[in-house]
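Participant: For reference, the chains in residue letters:
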Amino acid sequence: MGISIELEINGASVSKEVEPRLLLAYFLREELGLTGTKIGCDTSQCGSCTILLDGQAVKSCTVLAVQADGGSVTTIEGLANGEYHPMQQAFWDNHGLQCGYCTPGMIISCIDLLNTNPQPSEEEIRHGLEGNLCRCTGYHNIVRAVQAAAETMNG
Amino acid sequence: MYPSKFDYHRPSSVQEAVQILSANPEAKVLAGGHSLVPVMKLRLATPTALVDIGRIEELQGIGRANGSLRIGACVTYHEIANSDVVREAAPLLAEAAGQIGDRQVRYRGTIGGNLSHADPASDLPAAALALDATLHVSGPNGSRSVGASDFFVDLMMTALQLDEILTAVEIPAAQAGSGSAYVKFEHPASGYALCGAAAVVTRTADGSCASASLCFNGVSATAVDAAAVASSLVGSDLSDAAIESAVNENLSIPDPTGDMFASAAYRQELAKTIGAQALCTARDRA
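The listed protein sequences derive, respectively, from chains A and B.
Using the numbering used here, read the first sequence as starting at 1 and increasing by one per residue.
Using the numbering used here, read the second sequence as starting at 1 and increasing by one per residue.
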């Protein structure tokens, strides 16, 4: 039984018929080709599938596409607007990635972190990113990137 | 990972949701989905239908009236942890909700889903017990209320019938002179509680203990009310020494959990340490 859903994805309206069991992460990647959103652990731990749903960072591997019906989704593909989003630029400038697999989810979570706490301390940044795992960087450059982005976005 | 196939229902009222549940014994209630969807992906649960209550208006909202706090079943951890009303009337609940999972999980997970799922290693059951919460439930025969102490029956098993829905949680507002704390020793990878202690103490004008409550997550099949510790503290001066001896002499965890992460004996000792920490912090805040 297919269910019709309608969402706004990165500013564009999308209507599709989906199986109820289809997860939002798979909907984005396989139905819409938005493969910037990664699937890592697929058990709501690693955070690489993080997207913004109605402005809040959520793990799209643990949300059914039908639950997002009527919502507004922002993925990594929707951040740049002619130029990089300040968080993307800060990750670039501070080398906040190595293999890059966690990066799309990490950047979305970092944006959500600054939306709720525009000037976080280093400890608040580290704690605020507990839902995103990076196995390459040791997090140091990611924390520097968030600090740099906070300055840009507040400035 | 894909869950097995199911039919999807999105009722707009509790009454309609209950009707669907009554007609489908294999159906499950979907709220935020952060407990149910993971177990469905692992095929540990294979409901033939999901009843999505996430948009039902009457299950939303936080309100305070007649000395108690009412939280709709679909209110998220994030809303609870960041609500000024909850922080004032039930700071223990806000503190526990703020320690669940991570920021992404807290945006989706709900108080009703958490308590109905009744995972003993989650953070809200002990808080609900320690705060003497009343759980409001709706079913085909109308509404009823269940005290938290009667709600948690066994491992992931509650007093809810298959066609009943938890609609709201009611908590008596914190009294003047009371303090509370939730202290968790968490598994470093999963974040679930190996032991979580929820403590509330109320002090009289001279500083002695008027009442106390100490409840645990993660140490047994359900949340545990350490009533013997709490009653032994009443009348004491709530010094560190009084708290330590109350915990050491009176804390006994029934059927303590032992698993690959921590033995039963280890959890029992951990409960003494974490329980005393929670009581001392609650005292300092009273």
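What the hints contain is simulated information worked out from the structure, not anything from laboratory work.
Certain hints may be false.
Chain B stretches covered by chain A per the calculated footprint, using a threshold of three residues with CB under 8 angstroms from any CB of chain A [what the hints assert, rightly or not]: (1) 14-24; (2) 29-37.
Straight-line alpha carbon distances no greater than 30 angstroms define the calculated BS3-like cross-link-like pairs of lysine-lysine that follow [as the list claims (entries may be wrong)]: (3) B:Lys41 x A:Lys16; (4) B:Lys28 x A:Lys16; (5) B:Lys41 x B:Lys28; (6) B:Lys272 x A:Lys16.
None of the values given here were measured: they were computed from a predicted structure.
Idealized CB from N, CA, C, for every residue including glycine.
Participant: All hints are to be evaluated individually against the structure, with a verdict given for each.
Facilitator: A quick look at each hint next to the structure:
{"no.": "1", "hint": "14-24", "in the structure": "violated (count 0)"}
{"no.": "2", "hint": "29-37", "in the structure": "holds (count 4)"}
{"no.": "3", "hint": "B:Lys41 x A:Lys16", "in the structure": "holds (22 angstroms)"}
{"no.": "4", "hint": "B:Lys28 x A:Lys16", "in the structure": "holds (25 angstroms)"}
{"no.": "5", "hint": "B:Lys41 x B:Lys28", "in the structure": "holds (14 angstroms)"}
{"no.": "6", "hint": "B:Lys272 x A:Lys16", "in the structure": "violated (54 angstroms)"}
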